[in-house]
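*Asks:* The listed protein sequences derive, respectively, from chains L and Z.
Residue numbering for the first sequence follows this note's numbering, beginning at 1 and increasing consecutively.
Residue numbering for the second sequence follows this note's numbering, beginning at 1001 and increasing consecutively.
Fair warning: there could be bad hints in the mix.
What the hints assert, rightly or not - One-sided and incomplete, this derived list gives chain Z residues near chain L with beta-carbon spacing under 7 Å: (1) R1075; (2) I1076; (3) F1094; (4) H1111; (5) G1112; (6) V1113; (7) L1142; (8) L1144; (9) P1167.
What the hints assert, rightly or not - Selected chain Z positions facing chain L (in silico; Cβ < 7 Å): (10) V1070; (11) K1109; (12) G1180.
As the list claims (entries may be wrong) - Stretches of chain Z that chain L covers, calculated by requiring three or more beta carbons in the stretch to come under 8 Å of a beta carbon on chain L: (13) 1096-1103; (14) 1126-1137; (15) 1198-1209.
Because the hints were derived from the structure by calculation, they are not lab data.
Where a beta carbon is used, it is the ideal one built from N, C-alpha and C, also for glycine.
If you want the building blocks of each chain, they are given just below.
Number of protein chains: 2
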Amino acid sequence: MIVLALDPPPSTDPERWCRSILSRVFGHPALAGVKIGLPAIVARGLSWVQSVLRDARDLLKVADLKLADVGAIMRIVLENLASAGFDAAILHAFVGREGALDEAADWAKSHGVKLIAVVSMSHPGSRQFIDRHTSEMVETCLSLGFWGFVAPATRVDMIKLVRKLAPSAKILSPGVGAQGARPGDALRAGADYEIVGRAITRAPDPREAMNRIAEEQRRALESLNR
Amino acid sequence: MIVLALDPPPSTDPERWCRSILSRVFGHPALAGVKIGLPAIVARGLSWVQSVLRDARDLLKVADLKLADVGAIMRIVLENLASAGFDAAILHAFVGREGALDEAADWAKSHGVKLIAVVSMSHPGSRQFIDRHTSEMVETCLSLGFWGFVAPATRVDMIKLVRKLAPSAKILSPGVGAQGARPGDALRAGADYEIVGRAITRAPDPREAMNRIAEEQRRALESLNR
Chain L
1 MIVLALDPPP
11 STDPERWCRS
21 ILSRVFGHPA
31 LAGVKIGLPA
41 IVARGLSWVQ
51 SVLRDARDLL
61 KVADLKLADV
71 GAIMRIVLEN
81 LASAGFDAAI
91 LHAFVGREGA
101 LDEAADWAKS
111 HGVKLIAVVS
121 MSHPGSRQFI
131 DRHTSEMVET
141 CLSLGFWGFV
151 APATRVDMIK
161 LVRKLAPSAK
171 ILSPGVGAQG
181 ARPGDALRAG
191 ADYEIVGRAI
201 TRAPDPREAM
211 NRIAEEQRRA
221 LESLNR
Chain Z
1001 MIVLALDPPP
1011 STDPERWCRS
1021 ILSRVFGHPA
1031 LAGVKIGLPA
1041 IVARGLSWVQ
1051 SVLRDARDLL
1061 KVADLKLADV
1071 GAIMRIVLEN
1081 LASAGFDAAI
1091 LHAFVGREGA
1101 LDEAADWAKS
1111 HGVKLIAVVS
1121 MSHPGSRQFI
1131 DRHTSEMVET
1141 CLSLGFWGFV
1151 APATRVDMIK
1161 LVRKLAPSAK
1171 ILSPGVGAQG
1181 ARPGDALRAG
1191 ADYEIVGRAI
1201 TRAPDPREAM
1211 NRIAEEQRRA
1221 LESLNR
C-alpha cells in the first residue's frame, strides 16, 4: 500500500497542485493515504489544506510536521491539525514520555487522532543518536497507545526491528523512489505503507506511475511468499 | 537580556497581536530579541510574520519551529524563514550530523542565518533520551559552526554543562516565568538570554512587566558578582 507524499513545489499554488495530483490517483486500489509535510504548511499555513483533505475522503490523512516539543505546544498544534482535517500526525519519539509524548497521547486518544512516532530516519545521521534508542522509543510509544511508527525504507533492518517489537502497530516507510529504496523493499521487511512522493507526483502520468509502483510492491511480496 | 516569546493566543489576529505587544516593549534596554513559535506559523503560515519582524528592526529574530528533519527538508524551511525576515532558527541537535545538521549548517553559513540547537528541554521527559547526549550534541553543533544553544532555565545544571563545553556560544533559556524559573536563574548559570513569554505578553502592562523582570535579572547577576 502507498501513502502519497504531497509536497507541492515552492512556486506553485499548493491547494491547486495537491488537488490536481489527488484527482488523478484517487480511487487507485493501492492508495491508502496522503501525507502533507512541513514546508508547505510553514509557507502557507493550514487554510488551504482543508479542501485537499476533503478530497482525500476516507484515505489516511497524515500531517508530517515531525513534532518535537513539550506537550503543551504539541497539543495546540495537534488541535490545529485536527481542525484542518488531518486524522494522523507524525511526532518525534526522542522528546521522551513525561511532559511531552504522554500529553500528546492523552489529547490524541480523546480526539480520535492517530499518532505516529519517528523511531529511525533515512539519513546517515540518524545512527548518531536516534537509532541508539529505537527499541526503547518503540516501547514508550506502544505503552502510550501510539497507532504507528516511521522507519526508513532505505534501512530494512530498522523496519524489521520495529516490526518485531510492535507486531500489530502500523509501520510507514519513507525513502522509496527518489531516496533510493525500491518499491516493495519496506513491505517485505514488515512495513504496512510505503510513503512515495516525487516518483508519483512528478511523473508525467501520476496514475500510471502508481500502477507501476503497486505492481512492483505486489511482485516483491509475492517473491516473499514463495 | 530577554528574548520575548511572541505566542499569540489562538483566536487573535497574530499579526496585530504581535505588533501591538512589540510596540509597547520595543526599545527597552533589556530586550535583545523576539521568538515566534510553531503554533502561530502552522495556523497562519508565514505571510503575516514579515511585518512583525520588520517592526523588530535589529533585534534578534528567532524562528522556533524546533526543526528535526533530514537536511533537504530543513533547508527548504530555513529558506522560507529567512525570506520572511528571521535571522535565527532553532533546530533539534538530536537528528544528528550527517545528512541533517551538516546540510542545514552549510546552508545557514552561506545565507547568514544563525542556527541554535536544542540540547536539553524543560520537561521531565528530556532526561529519557535527549539529556543523555547533551555533551556530544553540543560538540557536534560547535564543530558545524552553530551560533547558539537552547537549555532550560528550569534546570541550571544543563546550562552550566553547555557553558562549560561552549564558552563562547550563545545560550538561550526558556522556562522563565510561567514554567517556574525565576528571572536571573539562567543568566547566573551562564545563559545569555532568558526567553520570556506570557509573564510579559499577558501582563496588563507589558513594558512594566519587562522592567520588573530586567530588574530581577540585574539583581541576580549582582549577587553573583559579590
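*Asks:* If a hint holds in the structure, say so; if it does not, say that too.
*Replies:* Do the hints match the structure? See the list:
1. With its C-beta approaching chain L no nearer than about 10 Å, Z:R1075 sits outside the 7 Å limit, and its interface hint is violated.
2. Because the closest C-beta pair between Z:I1076 and chain L is about 4 Å apart, less than 7 Å, the hint holds.
3. Using the Cβ-Cβ criterion of 7 Å, the hint placing Z:F1094 at the interface with chain L is satisfied: the shortest such distance is roughly 5 Å.
4. The interface hint given for Z:H1111 is violated, since its Cβ lies 16 Å from the closest Cβ of chain L, which is over the 7 Å cut-off.
5. Because the beta carbon of Z:G1112 sits about 20 Å from the nearest beta carbon in chain L, more than 7 Å, this interface hint is broken.
6. About 15 Å separates the beta-carbon of Z:V1113 from the nearest beta-carbon of chain L, more than 7 Å, and the hint is not met.
7. A distance limit of 7 Å between C-beta atoms decides the matter here; for Z:L1142 the minimum to chain L is near 15 Å, and the interface restraint is violated.
8. Checking Z:L1144 against chain L: minimum C-beta separation of about 11 Å lies over 7 Å; hint violated.
9. Evaluation of the Z:P1167 hint against chain L yields a violated restraint, the C-beta minimum of about 24 Å exceeding 7 Å.
10. Residue-level restraint check for Z:V1070 holds (minimum Cβ-Cβ distance to chain L is 5 Å; threshold 7 Å).
11. Nearest Cβ of chain L to the Cβ of Z:K1109: about 18 Å, over the 7 Å cut. The hint is violated.
12. This hint is violated: Z:G1180 has a C-beta 12 Å from the nearest C-beta of chain L, more than the 7 Å allowed.
13. Evaluation of the coverage hint for the segment 1096-1103 of chain Z: fulfilled, as 7 residues show C-beta separations to chain L shorter than 8 Å, against a requirement of three.
14. Three residues within the 8 Å Cβ limit are the bar, and the segment 1126-1137 of chain Z against chain L gives 8, so the coverage statement holds.
15. Beta-carbon proximity to chain L at under 8 Å applies to 0 residues in the segment 1198-1209 of chain Z; the threshold of 3 is not reached and the given coverage is violated.
Going down the numbered hints, you'll see the structure goes against 1, 4, 5, 6, 7, 8, 9, 11, 12, 15, while the others check out.
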